[in-house]
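Protein chains: 2
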Amino acid sequence: MAEKVIMTSTDHVTEVLDVLSSRGLLLATWKQPDKPNAMTIGWGMIGCVWGKPIWQVLVRPSRYTYELIEREGRFSVNVMPKSLAGAVELCGTVSGRDRDKLDEANLTVSSGEILGAPIIDQSVIYYECRVLHANDFVPEAMVPDVRKGNYPSGDYHRVYWGEIKQCRVDRDALDSL
Amino acid sequence: MAEKVIMTSTDHVTEVLDVLSSRGLLLATWKQPDKPNAMTIGWGMIGCVWGKPIWQVLVRPSRYTYELIEREGRFSVNVMPKSLAGAVELCGTVSGRDRDKLDEANLTVSSGEILGAPIIDQSVIYYECRVLHANDFVPEAMVPDVRKGNYPSGDYHRVYWGEIKQCRVDRDALDSL
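Protein chains in written order, with the working numbering: chain A, 1 to 177; chain B, 1 to 177.
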């Protein structure tokens, strides 16, 4: 594993958002001590709120990650190299309730040094985040095409506002995104 | 005014977020036809939700912009050059209820070509946005230090999720950010 160096939360955001909306990123949480889980996310926001750098992730209550993030109050967002697109896809198609997705995808995890959130070793960039706030979507305050197109079963996302406590990049691997 | 060309919503995000959290950006709305208003924002998020590029802005109900954005359902986010830091500061210190801030700041406005939102001509980058959703912060779902540090009077922000319908940049002026 190449060394990852600390970066500013606004570094490389263009690349990160482009991967988010194309292959997706991995949102990692602990299911048990030493048992990590990850879900693939294609939606999310990055910015600054309350004077802090924030990663915002959206999780439907039906997802296994929902109960983990509610319990843990911490998560990581991992940007994976293009060569691991298959692993990212796997994490987006099966539930971690019954299977050890990360192990099946040959991904390994270490504890983040600030919060102890699970960090995927093979990431090129990662963000270690602490949940500062969670709020829900309000169906009646949503334009109809968004509501109908994304929530036919009423499974509205919860929005998690995660303070980025540390983010690191393997600069030599940026070409692999 | 130099020509601004259409850009991808993920272009130059690093620069935009750095200006957001240092000098601030201008969030512009119409107060009347041909009467624009702008408030300075230092917080906000950019990303992708519902498969759409999104700018997320936060407005307290006590702000004049709150009633304008509620009524209009559209806004622009404008990234101003460093030389106009004083104008951005002015827009963050007085209310547009009683004064024509943009005129006082010598800023002029044109109608955005997609939504007709007010666009500040002197911006280096701008985003024209349509509100898809609004939801509120939930005091009891906020960590105490964030709640106490930012909401002593209980004036919690409303979160506006704006689809970026178009964004443009004056590439020759990027050095002026």
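Hints in this document: simulated from the structure, not taken from any laboratory. Keep in mind that this is a model prediction, so the values were computed, not measured. Do not rely on the hints blindly, as some may be mistaken.
Pairs count within a copy or across copies, as identical chains cannot be separated in the list.
[Said to hold, decoys possible] Heads up, simulated SDA-like pairs for lysine to any residue below, C-alpha to C-alpha not over 25 angstroms straight-line:
| hint | residue 1 | residue 2 |
| --- | --- | --- |
| 1 | Lys31 | Arg147 |
| 2 | Lys4 | Glu15 |
| 3 | Lys4 | Pro152 |
| 4 | Lys148 | Asp98 |
| 5 | Lys4 | Glu70 |
| 6 | Lys165 | Met142 |
| 7 | Lys4 | Glu140 |
| 8 | Lys82 | Glu67 |
| 9 | Lys165 | Asp145 |
| 10 | Lys148 | Asp103 |
| 11 | Lys82 | Ile6 |
| 12 | Lys82 | Glu140 |
| 13 | Lys31 | Ser176 |
| 14 | Lys82 | Ser62 |
| 15 | Lys4 | Glu67 |
| 16 | Lys52 | Ser21 |
| 17 | Lys82 | Trp50 |
| 18 | Lys165 | Glu104 |
Structure-based check of each hint:
1. Lys31 x Arg147: Neither: 31 angstroms inside a chain and 29 angstroms across chains, both beyond 25 angstroms.
2. Lys4 x Glu15: both (17 angstroms within a copy, 23 angstroms between copies)
3. Lys4 x Pro152: Classified as neither; 42 angstroms inside a copy, 39 angstroms across copies.
4. Lys148 x Asp98: neither (30 angstroms within a copy, 40 angstroms between copies)
5. Lys4 x Glu70: Classified as neither: same-chain Cα gap 28 angstroms, cross-chain 44 angstroms, threshold 25 angstroms.
6. Lys165 x Met142: between (31 angstroms within a copy, 17 angstroms between copies)
7. Lys4 x Glu140: Answer is neither: 44 angstroms inside a copy and 36 angstroms across each miss the 25 angstroms cutoff.
8. Lys82 x Glu67: Neither: 29 angstroms inside a copy, 45 angstroms across copies.
9. Lys165 x Asp145: between (36 angstroms within a copy, 15 angstroms between copies)
10. Lys148 x Asp103: Answer is neither: 36 angstroms inside a copy and 42 angstroms across each miss the 25 angstroms cutoff.
11. Lys82 x Ile6: within (22 angstroms within a copy, 27 angstroms between copies)
12. Lys82 x Glu140: Neither way: lysine 82 and glutamate 140 sit 39 angstroms apart in one copy and 40 angstroms across, limit 25 angstroms.
13. Lys31 x Ser176: The answer is neither: 29 angstroms in one copy and 48 angstroms across copies each exceed 25 angstroms.
14. Lys82 x Ser62: neither (28 angstroms within a copy, 46 angstroms between copies)
15. Lys4 x Glu67: Close neither inside one copy (30 angstroms) nor across copies (46 angstroms); limit 25 angstroms.
16. Lys52 x Ser21: both (24 angstroms within a copy, 9 angstroms between copies)
17. Lys82 x Trp50: Intra 34 angstroms, inter 23 angstroms, cutoff 25 angstroms: inter-copy only.
18. Lys165 x Glu104: Neither. Shortest intra-copy (29 angstroms) and inter-copy (40 angstroms) distances fail the 25 angstroms Cα cut-off.
Comparing the model with each numbered hint stated earlier shows that hints 1, 3, 4, 5, 7, 8, 10, 12, 13, 14, 15, 18 do not hold.
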